[in-house]
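So the chains spell out like this:
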Amino acid sequence: MMLNSDLYGGLIMLAFAGMFWLQMGDFTKFGLMFPKVIIALLAFLGVVMIVKAKVKPQYMKPFLKDINKYMAATMIWSLLWVLSASYVGFFVASVVSMWAIQWFLSSERNLKISAISLAVAIGSVFVIYYVFTKYLYIFFPEGFLF
Amino acid sequence: MDIFLEAFLNVLSIKNIIAMTLLIPLGMMAGALPGFTATMAVAILVPFTFAMNPIMGLICVSAVYCAAIYGGAFPAILINTPGTPSSIATCFDGYPMTLQGRAQEALFTIAFASLVGGFIGTIGLIAFSLPLAKIALKFGPPEYFWVSIFGLTIIAGLSGDSLLKGIAGGVLGLLISTIGIAPVGGDVRFTFGIASFQGGVELISVLIGFFCIPEVFKMAKDPVGSYLKSTNIGHEGGGYREVIYKGFKNAFTDTINLVRSSIIGLFVGILPGAGGNIANLIAYNETKRASKDPESFGKGNPQGIVATESADKATIMGSFVPLLTLGVPGSPVAAVVYGALMIQGLNPGPELFTKHAEITYTFMMSFFVAMALTVLIGMFAGVLFYQIIMRLPVRVLVPAILLLTIVGSYAVRNNYMDVIFMLASGYLGYVLSNLGFSPGPVVLGLVLGPIAEKGLVQGFLMGNSMFPGTPWLIFFTRPISIVLIVISVISALWPIYAARRRRRAAL
Amino acid sequence: MKRFMTGLAIVLLFVAVFGVFGMMAEAAYPERPITYVIAFNPGGESDITARAQQPYLEKVLGTQIIITYKIGGGGAVAWSEVPRMRPDGYTIVGHNIPHIILQPLQRKDTGYKTTDLKTVCWFQATPNILVVPVDSQFKTLEDFVKYAKEHPGQITLGGSGSYSANHLGTVEFNEAAGIETTYIPFTGSGDAVPAFLGGHVTGLMTYTTMVANYREQMRPLAVATEERVSIFPDVPTFKELGYDYVEGAYRGICVSPKTPDEIVNKLADAFKQVNETPEFKEMMEAMGFQMVFYGPEESEKFVEDRVEYYKSILDKLEMK
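Residue numbers (our numbering), protein chains in the order written: chain A, 1 to 146; chain B, 1001 to 1507; chain C, 2001 to 2320.
Just so you know, these hints were derived from the structure itself, not from any lab.
Glycine is no exception: its CB is placed at the ideal position from the N, C-alpha and C atoms.
Calculated lysine to aspartate or glutamate pairs in the DMTMM-like style (CA-CA distance at most 20 Å, straight line): (1) LYS56/A - ASP1161/B; (2) LYS29/A - ASP2315/C; (3) LYS65/A - ASP1222/B; (4) LYS2146/C - ASP2244/C; (5) LYS54/A - ASP1161/B; (6) LYS2059/C - ASP2269/C; (7) LYS2316/C - ASP26/A; (8) LYS134/A - GLU2058/C; (9) LYS1355/B - GLU2216/C; (10) LYS2146/C - GLU2180/C; (11) LYS65/A - GLU1215/B; (12) LYS1221/B - ASP66/A; (13) LYS1134/B - ASP2135/C; (14) LYS1218/B - ASP66/A; (15) LYS2149/C - GLU2175/C; (16) LYS29/A - GLU2180/C; (17) LYS2281/C - ASP2269/C; (18) LYS2272/C - GLU2058/C; (19) LYS2108/C - ASP26/A; (20) LYS2301/C - ASP2269/C; (21) LYS1221/B - GLU108/A; (22) LYS1355/B - ASP1002/B; (23) LYS1355/B - GLU1006/B; (24) LYS2108/C - ASP2315/C; (25) LYS61/A - ASP1161/B; (26) LYS2272/C - GLU2285/C; (27) LYS61/A - GLU1215/B; (28) LYS1134/B - GLU2216/C; (29) LYS69/A - ASP1222/B; (30) LYS69/A - GLU1215/B; (31) LYS52/A - ASP1161/B; (32) LYS2258/C - GLU2298/C; (33) LYS2118/C - GLU2297/C.
One side of the interface only, derived from the structure: several residues of chain B facing chain C at Cβ under 8 Å: (34) PRO1141; (35) PRO1183; (36) GLY1186; (37) VAL1336; (38) GLY1339; (39) GLN1458.
Sequences are here, hints too, so could you generate the full structure?
Below, the structure written as structure tokens:
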């Protein structure tokens, strides 16, 4: 089963055009002038792509089947990492996530590896945290801890 | 002539050389960190320069600026992530070179290309500042609109297999760029109810998302072993001398490319509001277009990175032309320097060449010295970066890069929304790249969107006052606009011409 | 299990260490560095001011001042975070009139209300000033108004942003003089300068600071203040010339709304002292800034007055 890339591409473009279309409010003439044209253009291109999908489609490898457990773990953990950082704080979220991702990607899982992983996680997050807050004055989101 | 010599000797004082040598590695690190831009590096440096004399302060600025732009190429080549927006197109050929085991060759190639870009940029800054600035002033809103349209015509060169998908991607980028405050009218648009979105979408976080995140996911797919499997050194037996020679040859085989790209960089840099982010894409496209073998681009053709890295170095000097000659800060870094000059009691503008000629010429000269030192240090730094990335096992590299992407996209504006948006564009970029959309056109649209919109609406307002009733006339009646229209049309039709030329050649 | 215990121990250690720091901080204000958030680009007026204030503030307050940036939405991104900030006075945010008044009035999802920002003080003003190029045919405001009356809509004036002091100022001046000019907004006051120097706009409705920088290229016609500005003694005010038009932007700092009064007063005093330092005053005035001072209580009243005033102007704008 090959993937009809024009069909899905076209649908994604239409989805974006629709999303922005629905967000259009009572803007001034000047604020509307440019996005209006762009939304119409994107919708038109989306339609063209869907037509092309029927006439002369470009097939691609079905990439979703390509995702193995390592990739899936990385994709999901990075999401958890980003979302949790604003609640539990950047430091904690990053240490935990870095540790977890290393754990998932390790071929052998034993105490030694996980200890090294934890050390790597704490070490690298700490260095970044320290340099950024102390010298570059960039303060990361704090959570209920710090 | 005396003043130039004096300025040059000023730069070469031991104190200044030491200061530069110490600052360049820091600037390079900042540039190499995706999300940490040259502007931020210079902004952090500036308060320290208040304690110095103006000459030394400015020399430090030029060192950090050159180093940061240079450092931006490292992650572009090694992990397919532009460290600064000036290295976007460096990914296109730099990363394939890395995948072919030619990372070190690429790193040395950019060193020589940068040196030439910096040299041509400095000459342009010293010799042609005033006339160039006068040309730049002729560009009003309608011209900026056409510049952005010309910029969009290079989509074809960035599209990959499908031109249709390239155009759609470009338009998607334009649309995303309209999130936030309307440049004219002040409407808050497409914020989806999120207050942080009033600030619009940060180019850098989308850049990181589109380029880096899909690559990290792919990397994670095969976590055993190291990520860069083969290297130049050892495999070909030549050692560093061999690789350095290759880099040198890459940079100088096509001198026309080097000079053309540097001039593109210089001129784009001079235009207030346009900078390295646009220059490197245009230079890349023009090089591809001029090449006899455009198919080889995107597959590890060293001329691609020669073009981008010489162009973005020349923009550095170009961006100071309007500041020094007219007192107009034409780029974010120039704006920071503008502030610094004010506090130092130097009035940016023509006065700089009369009252403070010594300071000004020393500053101009310092770019070349800074660039030479940057290249020298950059060669070692590049190898070091390469070694680090090569030695790290993938299971460590993946979370480490993710950490840097999060830190980087947050650091740009101290805005956590940018991090969420970065990851979201990462997922989107992953899906789109697997559907045959290249990230290049999307990013191009994002860069050019604000320029196009501002030019369009401001031009419309101007037109309304000039030709009441038929405001659009203004876009077609000004001489420079007409030139730009012609160039855009030629550029847009070029792929058709090129296809025909290829077909004829094939016969 | 062992692993878990180790992890727990480390986390607890961090909690303990940071907890102690946290408690120490509450002893006496200011005990640790203060973060001064700038809502606009580095190199702009707000940034230049903050950088100039920094060393003096550090001396007066006896602590480090850290300048950081939170840019976007014409300042709104930074200000939308103020209500959620810790009310401890260790984060102060630069804010502006009319921005903090007009944005909540004009936008839907601003993320803050004018009253959410507790003003510590207003310490500086940049009045509007009308300028044309030095080689322009307009020598005086009279020439300008005369031409505008004969050619309605043909004069274009550039300025910083939509719904800014420059924008509303142009509307007010149009009204006061009975003329019609086209206002073209640029992103920031510096962004309008190339268009001005290149002759793409007739003139600028800009801030006094711009004229201080570009004295040789700009011919100021009139300034929108009650009395003449000290660094341009030759430039008449609009009022002198018979147009009832006074407008400009004010800069100040605000803190989280629940911040205790002692802290607010201490900060206000510090900024006042800085303003009164002769060296500092001289430097700022040379750059075209006007030194004013409204303390915490005066500021509240001042903001209320301005809100009413801008509401009336917005109504006029809507009618068009």
